[in-house]
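First to last, the protein sequences are chains G, S and D. The first sequence begins at 62 in our numbering and counts up by one. The second sequence begins at 62 in our numbering and counts up by one. The third sequence begins at 62 in our numbering and counts up by one.
Please note that the accuracy of each hint is not assured.
Copies of one chain are not kept apart here, so a pair can be met inside one copy or by any two copies together.
[Said to hold, decoys possible] In the SDA-like style, the derived pairs of lysine to any residue whose C-alpha atoms are separated by at most 25 Å in a straight line are:
| # | residue 1 | residue 2 |
| --- | --- | --- |
| 1 | K196 | Y379 |
| 2 | K196 | T441 |
| 3 | K348 | K408 |
| 4 | K194 | L233 |
| 5 | K283 | F402 |
| 6 | K444 | G107 |
| 7 | K348 | N77 |
| 8 | K118 | H317 |
| 9 | K283 | E508 |
| 10 | K405 | G446 |
| 11 | K76 | Y379 |
| 12 | K283 | A471 |
| 13 | K76 | M377 |
| 14 | K194 | Y379 |
| 15 | K118 | I82 |
| 16 | K194 | D502 |
| 17 | K118 | C474 |
| 18 | K196 | D126 |
| 19 | K348 | N459 |
| 20 | K348 | S458 |
| 21 | K444 | L281 |
| 22 | K118 | E130 |
| 23 | K405 | K444 |
| 24 | K194 | W274 |
| 25 | K348 | T454 |
Since the hints were derived computationally from the structure, they do not count as laboratory data.
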Amino acid sequence: MGCMQSFRQCCDQPKNTNIRISLPAVCFVWQIAMIILFGIFIRYNGESDVHWKENNKLSNISTSDVENEFYFRYPSFQDVHVMVFVGFGFLMTFVKRYSFGAVGFNFLIAAFGLQWALLMQGWFHTLDPVDGKIKIGVESLINADFCAASCLIAYGAVLGKVSPVQLLVMTLFGVTLYSVDEYIILNLIHARDAGGSMVIHTFGAYYGLSISWMLYRPNLDKRLSCSVYHSDVFAMIGTLFLWMFWPSFNSAISYHGDGQHRAAINTYLSLAASVLTTVAMSSLFQKTGKLDMVHIQNSTLAGGVAVGTAAEFMLMPYGSLIVGFICGVISTFGYVYITPFLEKHMKIHDTCGINNLHAMPGVIGGIVGAVTAAAASEETYGKEGLINTFDFTGEWSNMVPSLQGAHQAAGLCVALCFGIGGGIIVGCILRMPIWGDAPDDQCFEDELYWEVPEDEESILPVV
Amino acid sequence: MGCMQSFRQCCDQPKNTNIRISLPAVCFVWQIAMIILFGIFIRYNGESDVHWKENNKLSNISTSDVENEFYFRYPSFQDVHVMVFVGFGFLMTFVKRYSFGAVGFNFLIAAFGLQWALLMQGWFHTLDPVDGKIKIGVESLINADFCAASCLIAYGAVLGKVSPVQLLVMTLFGVTLYSVDEYIILNLIHARDAGGSMVIHTFGAYYGLSISWMLYRPNLDKRLSCSVYHSDVFAMIGTLFLWMFWPSFNSAISYHGDGQHRAAINTYLSLAASVLTTVAMSSLFQKTGKLDMVHIQNSTLAGGVAVGTAAEFMLMPYGSLIVGFICGVISTFGYVYITPFLEKHMKIHDTCGINNLHAMPGVIGGIVGAVTAAAASEETYGKEGLINTFDFTGEWSNMVPSLQGAHQAAGLCVALCFGIGGGIIVGCILRMPIWGDAPDDQCFEDELYWEVPEDEESILPVV
Amino acid sequence: MGCMQSFRQCCDQPKNTNIRISLPAVCFVWQIAMIILFGIFIRYNGESDVHWKENNKLSNISTSDVENEFYFRYPSFQDVHVMVFVGFGFLMTFVKRYSFGAVGFNFLIAAFGLQWALLMQGWFHTLDPVDGKIKIGVESLINADFCAASCLIAYGAVLGKVSPVQLLVMTLFGVTLYSVDEYIILNLIHARDAGGSMVIHTFGAYYGLSISWMLYRPNLDKRLSCSVYHSDVFAMIGTLFLWMFWPSFNSAISYHGDGQHRAAINTYLSLAASVLTTVAMSSLFQKTGKLDMVHIQNSTLAGGVAVGTAAEFMLMPYGSLIVGFICGVISTFGYVYITPFLEKHMKIHDTCGINNLHAMPGVIGGIVGAVTAAAASEETYGKEGLINTFDFTGEWSNMVPSLQGAHQAAGLCVALCFGIGGGIIVGCILRMPIWGDAPDDQCFEDELYWEVPEDEESILPVV
């Protein structure tokens, strides 16, 4: 930790925030690279290719048009899409003068990340061995959005303190790490993680927290990151779209039929329970029982994070409520006590409190998944149900639930390691004084990277 | 009414608005009770249970995965979900300093109400006689959202004048009354009400108006509930999401295929007509033809309310337009003349004007439903069509359309009785001076129940 | 052009902005006319009629309920609906004191236009020759929304400078022209245009620009149309909902199965590429690399416009990225150089910059469509694929791709002619001094047509 400190100091030089060369350069070079790589590697998959109907006929499969994967997953995909762009984007608009940065850079990162994710995830998951091409369909789009989401979670920790170029670098590495991490957890370890408690939330949150630790600014004035009345209302747009569409998030890539159905129900219930316990805790921590918008905006979502892994399992409706109950309590507690603690004693400044919304609930979600998997019985699931739910097929046909529980736990550890390890390395890279980040007194200020209109309000009093 | 008055006065004591004990206590106790009751009673239904595929095979039903109820109803469910949380929540943000309360308490009430609704509606509708368990699926979630919606409608009448604890009590009773009411109307009386003109809107609105009557504050300064420029724009978010997704609301639980299809078309048309007549009336009532945001925010939605019951019938496209036409006119007229009348002469202060948006259009919807049902002919519907549309099966196989019309009318009366009667009783309970409601001069003020950030604007002029 | 000038001047008389008679009259008369025409002409189509199941049985078609057209298109329809009402509405709220007009008149125009579109498009496309009735279903609703969208695009050019009565007249003619235009392009010329690059965007944008040219105000103070901080955040709501749901827009009426699937993928990719090149260009054009909200709000969407025609073709993922890349660059360039040029040298004031967002990308989209169609080979598409994609059936069964390319190009020319020609004629009509439009110094000011609440901010400094 001493060496970390000295590396930090050596990077602290006067800031040059002009990004007129670096930002366009990165965007253009990257987009051209994407076009070339997509040209070499990416093609439509069987269900989005124009030969779909012909091939079905040739194979004597008499499918109705409605059995195209598109109709199973497209409505969920659109909900996930809204969560990524409006949900995460507006959730971060609460900072009084950083709304452009919140929603605009969120937009940039996501659009950048999802292209790279299609390639990275394609290489690992949907590479066709026959022609060496990645075949994409609607499920690929969902997975790319998921991957982008994990980088947006990390953005929450450093919101207002980094330049757009740093964000792009962070996303580039984040997507890469995510894809390797996901491959290890889902394919090598064979853990299940439909809603991504481990793969998306735990990884993304610890990745962001570690970066924030590396980029710690001891002299930052945190009052700059407070909200105003209307910015809090804007943030509620983000909160609500995340909250409402979380059942789609957790069920988007579950297996067809009862799998998606059950995942949606479990998530719906867990989220509802989180709202009540968040309100209770928020009121309890104030002298006169007043509610705090920060808690309502964030902790109400913790139940959705924590039920991610187990959403498609037979968690039972009351099980979902219990998960939501616990997470609402812990997450609100985190905002009141753990965030200040992290900042004071660990030198981690977490702008949006992702430790409370994603990190802790993500770990809880991983544990719930492991326990639920280990406790799965043939009595509850039926023989076929066990095979379907945990995918005990092929080389995994000899797995049993108790062992699956251990694999789930192993998956959680991998996500933690990738998040923390990756974050520290990327944080080091981002400390280099070439990325155009803001000086301390201009953090949380759109003025630096945006043309900001003059407000009537700020003109009037002068007159 | 004299005794009402005296009861009112005896409850008028100095207000204690500290809710630090009561709010957390209610939330925690209630959430724990929910967990226990869900543990005892609630299980997945056949289509969300892991045995779904196995059971289909055993029963020799060769269904495609896409015939799981999930795919018929989930997109509509998500739209309804958006209406309940973003639609109702943001519609009420128009009050200049009560946006936190509008969107935040809306969130709390809905998350609270939907859990209790799953239980109450489950006991009445989906209790499995074999094992005594309630079996839930996506349709249960929609119905729970519907039930929460009726309580949110009631919230509109008392917005800004009650404490969150009062809201929870009001919701607890509201959901209970709703479920009994719904059981009587749909099952005992056998009325049809796909979009809930009677069950949701008429009940919810009269429930809220009666409570508002009981809680009347003679010395309230109504100027506190006016809007500012940006709060009106926020409210338009609510309006538009309600307006756009209303076709999903009215078709969400219609029968598969042409039923859902027709309900969506009818609602789409009725809403479009409402917009034009609302604009016309709004302009007509102002000296220079200016439009009033209150009308645009609310009366444009009246067509959706009024077409609820008849949406799945063969109302015909022009019939839908007529319904929308009439409701736009009446609702706007209501905002201009009836709301002030109710307040002045009936001592009912209706913050959001739910009388104009839900009560009157709801009653019109019930009447339209009764007339359309009574006029249904085998010529228009076909024999099978009549049976499907009005569910003339089982013990109701001898019903004829004219009699069905009478049953529809009876259903409307029941909804009115439950709304008014229930509202008066619950209003009495809410007058007790133990709930922490605001004194008159702090109504419509977030400061009382929320940590409100200091605004730049309010600081600047002092300098 | 000299005669244009003199006509302009003869119409320039003192403005009477009282619309208390004209606006209600137009709305009422029009809505009554709609009811009558719907009564005469419009009925449910086979899949939304109550006889659907009975007829399927009679025809010995054993379809599952889920094969009702409703389930193929309804989720996309709802997304398109959100784009039309929230997307276009909020995108235009950026003007600091014209947010009511942006979102409110958008609402009015769309609700007005879609009714007339159902009739006009019905007469051309779905008139049943047996009974002379127009049969509507979910696809008709999508097409009506599309048609309304083209009028909303035109609104973008004249935002803040016209009265609501003018907007209704403009929409009335716009829908009429659109429907004829669409019939010629799709049916007579047999061009394909799933996402409407030509039919919706090119037509709508040139229609609006021509009207704006006819209504040019030489003395307008453009500073009135600038934004404030929060109005830019509101506009991002519009941007994001347009951006996210554009894949649904372009795939909404593509053919079932792989057609819709592929259209969604292509649009998703094209839009992602647009975001990166827009950011790059926006940063490049500012001295210190700052981003401009106007570009982020608009040019990020250009990729969706330009991929409209070719979305359902085998454009290939990299092809979509290239289209998005180019359009992001050109559209941002347009905001920086072409919009000021048009204003200064062509006397076209384009409030929202629709030339950059719809006109140029629309034309590019038409060209991309023509080239892609001409280059279509049986190798890529397969025999059946070619027939399905380009609808080489019936009287067009002898078409070949190269000829189809020429037809696509012809379609683009027709769209341009209708847009420019129609716009000039309608612009002449709108110059008549009877429509209640604003004097120059009250443009971009809600005060004129709306009851605007007094703001706290504007009161405070006086104290």
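>> If you test the structure against every hint from before, which numbers come out violated?
In response: Structure breaks hints 3, 10, 11, 12, 13, 15, 16, 17, 19, 20, 21, 23, 24 and 25.
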